Amino acid sequence: MATPIVELKSVGKSFHSADGSARSVLESVDFTLNEGEIVALLGQSGSGKSTMLRIMAGLISADSGQVLYRGLPLYAPADGISMVFQSFALFPWLTVQKNVELGLEAKGMPPEERAQRAEAAIELIGLSGFEGALPRELSGGMRQRVGIARALVMEPDVLLMDEAFSALDVLTGERLREDILDLWETGRIPTKAILVVSHNIEEAVMMADRVLVFASDPGRVRDELPVPLSRPREAESSEVRSLIDNVYGLMTAGAMRLGRVTEKEVKLRLGDRLPEAEIARMESIVELLADEPFLGRADLPKLAEETELSDQELLDVSRALTLLGFALLDHGDIILTPLGKQYVLANHLERKAIFGQQLLENVPLLTYIRHGLVQDPSGDLHEDMFLNLLRFTLDEVDAVSALRVAIEWGRYGDLFEYNFNTGVINMPEKQETATPRVI
Amino acid sequence: MSERKQFFPRQVVEAGWNRWDWALLPMVLALLVLLAYGGEQMARPYQLGETLPLSLDPINLPYYLLRTTLRMFIALGASLLFSCVFAVLATRSRAAEKILVPILDILQSIPVLGFLSITVTAFIALFPGNLLGVECAAIFAIFTSQAWNMAFSAYQGFRTVPAELKEAASVFKLSAWQRFWRLELPFATPGLLWNMMMSMSGGWFFVVASEAISVSNQNIKLPGIGSYIALAIEQRDLHAIGWAIGAMLIGVMLYDQLFFRPLLAWADKFRFEESGSETAQDSWLLTWLRRTERMQGVVVALGRLLDRSFATFRLRHDGTSIRARPQALTSTPQRIWDAIIAAVVFYALWILIHFIHTEVGWGEVGRVFVLGFYTMLRVVVLIVLAALVWIPVGVWIGMNPRIAGRAQAAIQFLAAFPANLMFPVAVVLLVRFGLNPDIWLSPLMILGTQWYILFNVIAGASTVPTELRYAAQNLGLSGLLKWRRYLLPAIFPSFVTGAITASGGSWNASIVAEYVTWGDTTLKAHGIGSYIAEMTAVGDFPRIALGIGVMCVFVMGFNHFVWRRLYRMAEDRLHF
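Read top to bottom, the protein sequences are chains A and B.
Everything in the first sequence is counted per my numbering, starting at 1 for the first residue and increasing by one.
Everything in the second sequence is counted per my numbering, starting at 1 for the first residue and increasing by one.
If you're looking for bench data, these hints aren't it; they were derived computationally from the structure.
Only a predicted model underlies this, so the values are computations on that prediction, with no experimental measurement involved.
The beta-carbon is built from N, C-alpha and C at its ideal position, and this holds for glycine as well.
Careful: at least some of the hints might be erroneous.
One side only, chain B facing chain A, incomplete, derived with CB under 7 angstroms [stated by the list, open to error]:
(1) Leu165
(2) Lys173
(3) Gln178
(4) Leu306
(5) Phe310
(6) Pro326
(7) Gln327
So here's chain B without its partners, still in its complex pose (with noise of 0.2 angstroms):
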């Protein structure tokens, strides 16, 4: 303390401010300019049919990945206010879960770009003469990709509350407004900042598809990475590509950096587990804010003003008021409920077969069947063969203590690399060697999400008790035995946790992958996937919709009759 005030004149010591907020001071000047030049640029007027300057000179990259990472995090926001919003009617009301449950697991199997087709005009319509309709409608389409995991992660997190914690609430009777600041948003944070992350990378996957609009005969393409890919592929200009790689692994680094390093260090405190094993994250920004004084200051008022609202929306009786009387149970109301909700259920299934009926016909319903089968068979034998490849080498990563702090930071940034910037090279690559699209396409689905997979491999792995190891080596269990009795059942339960994701994320990436642009070239793979793209891209929306349709029913059936009965399986037996 005393050293410090030698370097500052009184008066700024005194005031608070110490050398770490002068240290810090530039940087959140830059940010706030930042933010309000690409706040002030998303809002300028524009009309339909305007085309917006776009050029491939990387000197404009620095400004393009500003205005996509600000899309990105408004989603962010967005999504997470959706989550909070979600889990909170979710888990308070029995009604409305039961709604809202299902809607979101069909809502999770709709892919991104079947979003953004629907919507697309709604936004623009909102806005009229201004460019934000047409942000509005890309940050949705970010959005789409990014809420629905982290919704489920919420409504886990707020289920999922410990008996004990919530009676302990009731009994110091926090209001319910106060039971979500203190108690259930604190323990879903863990969660839902992991699926944030990941939600993160999950947005850059479409960043191309939701910046460069081209529904309905619309074709706008919004300043940002995405659109600077997307003119690059329309011109076919590798360096462009290599270009646009390059900022967006700078952009990917610096928020991991700036924002989920320090965030993931400061959420360490809500992690529920007693026994803290795994290594706290740490976070140099996080240290330098908590040594700052005055830029701390922001966040003791946002804590007061919480107080505030804590003494405003407080219980105000207790137990014996009247109020407290609990009201008589009827099964009426609910019975009524659950009548309604059957009711616009079979209204739904009979407007869709009427659709079918009359729209497309049942012959192109079973067509569609057919090439989700197609995309079926492409997503299980990836992921097998991605297991053949990644087990071996997490678990010899997972084994190898000091190995494994690297490593999976690697591996994290390139789960966050969006895989699609690959896609062009690949194009050249079959182009170049006359390779058949329908199986060589195929590996494009799974680029993307293969890491999932290693980095839960090595998570699990790495856990596998040290006394397990030493039996094992004591046992001399080698070769096949080794693998059987020893190695694959310890990390089963992992490798499952993480090819459910991976298998999520391929279908999804299906609708990329299988229908690959190149300028003029377009390659296409047999599957559900390039069906939705290219009736995307005819502006077909019968088709589009059944697309999406057949492909939930897919996503569906394949999480509830295998991955959901795997995961039980290894949350029964297999585990320590």
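Isolated chain A, as found in the complex (with noise of 0.2 angstroms):
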């Protein structure tokens, strides 16, 4: 049986929005990180695997439910616990050495002693002789190794990675991966269990004992996905290769919002947050498609690589095309509909004519858009009024982001026009008449 050291039983967290009502980011969470594993949470963005990690952490507190960090109720950071961040949050003031010897300061830990952990911990994440540098003078890898080595200095329980190599290229990212997965099987650290958080499946496949996929609005996991092979692991090899496969079949199942694994396409409401995707990325996603070697039908996992896109964004500009009509996603392919076929075919003006028909028809927000310029008799109206309605339902972010992808799709569908100094959205006039804006 395996020691748990931390524990979620049934966590939930909402944040308030800014009409005071409450939206619910995480629901009825269980989860147990054991002695010996390392966890990867993937989910979309804005389905609170962030925040989770959060919780773990100590950093924000569950509004309901009980976190539990070796059988004690956690309510702030605790000592066995220490965190790498994504943007690495180094104190740019201060050295390297002094950046890894922050918390062991803040121990109240005598300066030599202090020091000694700290060369230590420099030497084994491979930066020494840049003890006196200031991060500014490091690269993106060389400023994530020193987040790094802030964190083991600590000697931790559990080491909690936020997105710990997405800020970082590919390369740089693989290698320091490696770094500390050697580490890690090779028994240098004390530390006794790794959470990831990530949107990179490859990664979360390459490094995890467990991978658990989250489902959004509200977040929760939604699968479980153990991963049986032992490290280190060959990216290229077949039962790495169908995992991956696996994992983006579970990620775009059911794709919009409902938690239950269906493939049928759950239509959109109104207050939904929207997947970016840009209209040039959609555009080239789909004649890619239709082109050889795919011809209607890729696997999620080769069209990443053919487009470079990044997880997160194949999976929005995915889920576009679905919504939209223009793709149906299955097991983890994506399947050109006789609808995107058509639009492949179409010259521009038809193209437009097509997108707009179909935003019309599929996209909630922007129907509503459509009818309110329709019925106003000054035809144009302010996007504060639609910015309102969906900080109801989303986050401000999400909202802006939503409005924003809205209002990108629509100008592009001919639905409207909108004018970024003024705020203002109002029907096409007819005569391509632009007035000049004036600053």
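With the hints as a guide, bring the two chains together.
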């Protein structure tokens, strides 16, 4: 029987939006981090995986349920839990050495002892010789090494990594990941468990013993996938590839909201978030799909490789395409629909018309904006009205993003025009007499 | 290292004194002696009514300069302390923030002279029979011209500490004390330092008013540059004014080289932007100091002291302790607090209305508002004029990097130079040519503050991306189109920043600039500034309060309705 280190028992968390209504970010999450394992959390952005990590770090407290660390309730950051941050969170005015010593200094450890331990950690992570450097002198990869050394010097029981490699370029990220796995495998760090939050599927499969897939709105664990492979793993091996395929399938299943694994596309509601997919990106994916070698059907991981998009970006685009009826998702594959094929063959103006039509049929927010414009005698409405509507169901960042996406799509589909300076959405004028913008 | 050992006897080298230490030693000793002497002079016995000896002989100027600078630095230290305390209170406690920030907003718009006239008697009573009371009043007046913008900058800095750094601080369990020294203060330092320099210049502006105290029938002139100038003005001695300007220039240069330059160069490491595009400041003194060993020992010792304090003031429990358990959130105390604030505000409002009704009358209020309107007109016109002059100049300088470096230093210096020293010259000219003071006194208001516009425009123009510059050239933009589509939008945000500072400074300067004395000639422009200055001279407290209050209303309204909007507009869409 594995020894649990951190346990979450039906943990829930909601945030208050601007109007005071609560929005649930996490709902009854049960999770146990055991000794000797690496667990990865995967999920779309906004699925609450970062919130869960922060609850485990003691940075935010859960609204309901219980968080236990070694059997004791956890209210705030604990001694045995350390964290590595996405954008490193180094103190730019402190040298590498001082940054690494930060936690020890806070504990009141005498200077000689902490210098000794910091040097050992710096050595371990391969930063010797840079003790006196300021973070700004270092490259991204080196900075994150400092971040890791700062966490490891505390000799943590649990190491939490919040998208620790996503701000680095691919090669550097892989290199750092391998180094950490090496330290872990050879037992040179006293850490008993590692939790990794990521949106890179390959990274999760390469590192973890277990992969947890999060569902969004509200966030909860949708699936759990054991990775029974020994480390080091070969990224190109068939086991790893098929696992990656599997995870893609899990992540795209029942794409939008419901936690249940369904292949059926769920209708969007008015106040839902919209996938962040640019028009140009959607177009190139559709065209790529229609072309050799895919001919209408592609394996998502392959497509990711081909397009060099990140998982998050690719998932967003495929969600957008399914939403608009241009494509279908099936077990981690994306399939072009007849409409999608028609779209590829159409010329520019026809494309815009199809796009606009699909928007009106499938995206309630755009239907609603258009409806408002048609009814309004002046034919223009201020964006804030819609933003306020979205704020009821989404947090500030998501609401702004959803409206931005809606405006981009709507403009492309010729549903309306939008003036960035005034924030006014208005009916398109028939003649193309664009009024010059005055600053 | 080996080379050095040849110059000094063994014991000396081993003791850690290197040649840089030796070279710096006389400077440090001289500084200590001057501080001790100046300090001693500040606390001598003094009876009210006694006149302090003061002479226009330039030989006394170094001593006066010492006294004045000492006062300014004490005030600066107090402002720094105040800023830190304010920022900590306002960012740690929501309840405190709710009252402190509006109070500071109001205090900031109160003209410096207003404080002096109200507080001087209290300070004198605090130290009976000693000059210290008067000194304190003067220092307090300087403090009020320095503290507010520093406090705001510190508060802003504390509030904008990036979330991830805050999280890192909590994960590594920094206590409030450790967090202050390791995270918040360093993060706020660059802004704070910049504001300290501005404050120092602002302090000079009111040095005359704060040293030559003539309120409620007290006429005290503390030894210092300010009093020297006041005396020179009384005696219509233009030569003395010239000497004073010279002394002040030397003073400004000295503390720039010996204090701010090294500090700026040192504080470069606190810059948060990871990519260091701006060229680092350098300072010969800092380089010098960094080469010493013993002198640095002092800093190291201070560092160790801080270290020891970290060990004392640390978190002694972690997140699993019952102490970390969050208190149940109830909104009742917060509601009660809000209610108390509202009650106090209403009470103050009622007092105010009652006061106006009985003491000054509503007609007077209307009149003061009209005066405020005149001053506002002046501020607006002057800002526009200054913009017309300085934007082209600034853009030209900013686009020529070779000139920009040198010009920037010169302008910083000009900004630090107290423009009120030019006032006597203006009076002489106005009287000689019989010009209308309502128009011709106005330029004095912006004399000292226009540099902020120029300074910021240069900074803005020099950060215009090179590619954009090439694109403009490539498209052959020229003439009006070039200005409208390319240059003006490019520098707009920095212009607004500069204009905000300039306009704030001009309001404050109006008290001095609209009411200028030269011997027994007094020139007066119609405006709220001259109203306040006049009432201060007479000692009519209700009307001073009224004038100050109305000016606050104008300044705050102006900030809210004009500057904040422009600023937001610049922030939202006109930036790179």
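Restraint outcome when Phe310/B is required to lie within 7 angstroms of chain A by C-beta distance: holds (6 angstroms)
- Task: Classify the hint on Leu165/B as holds or violated, based on whether any CB of chain A lies nearer than 7 angstroms to its CB.
- Result: Result: holds, 5 angstroms to nearest chain A Cβ.
Q: Please verify that hint: Lys173/B, Cβ, nearest Cβ of chain A, below 7 angstroms or not.
A: holds (5 angstroms)
Just to be careful: measuring from the Cβ of Gln178/B to every Cβ in chain A, is the smallest value less than 7 angstroms? holds (6 angstroms)
| Hinted contact Leu306/B with chain A - closest CB pair below 7 angstroms | violated (10 angstroms)
Quiz item: Holds or violated: is there a CB of chain A closer than 7 angstroms to the CB of Pro326/B?
Solution: Because about 5 angstroms separates Pro326/B from the closest Cβ in chain A, which is inside the 7 angstroms limit, the hint holds.
### Query
Regarding the hint that Gln327/B lies at the interface with chain A, is the smallest CB-CB distance below 7 angstroms?
Violated, because the Cβ-Cβ distance from Gln327/B to chain A comes to roughly 11 angstroms (cut-off 7 angstroms).
Of the numbered hints stated above, those contradicted by the structure are hints 4, 7, listed in ascending order.
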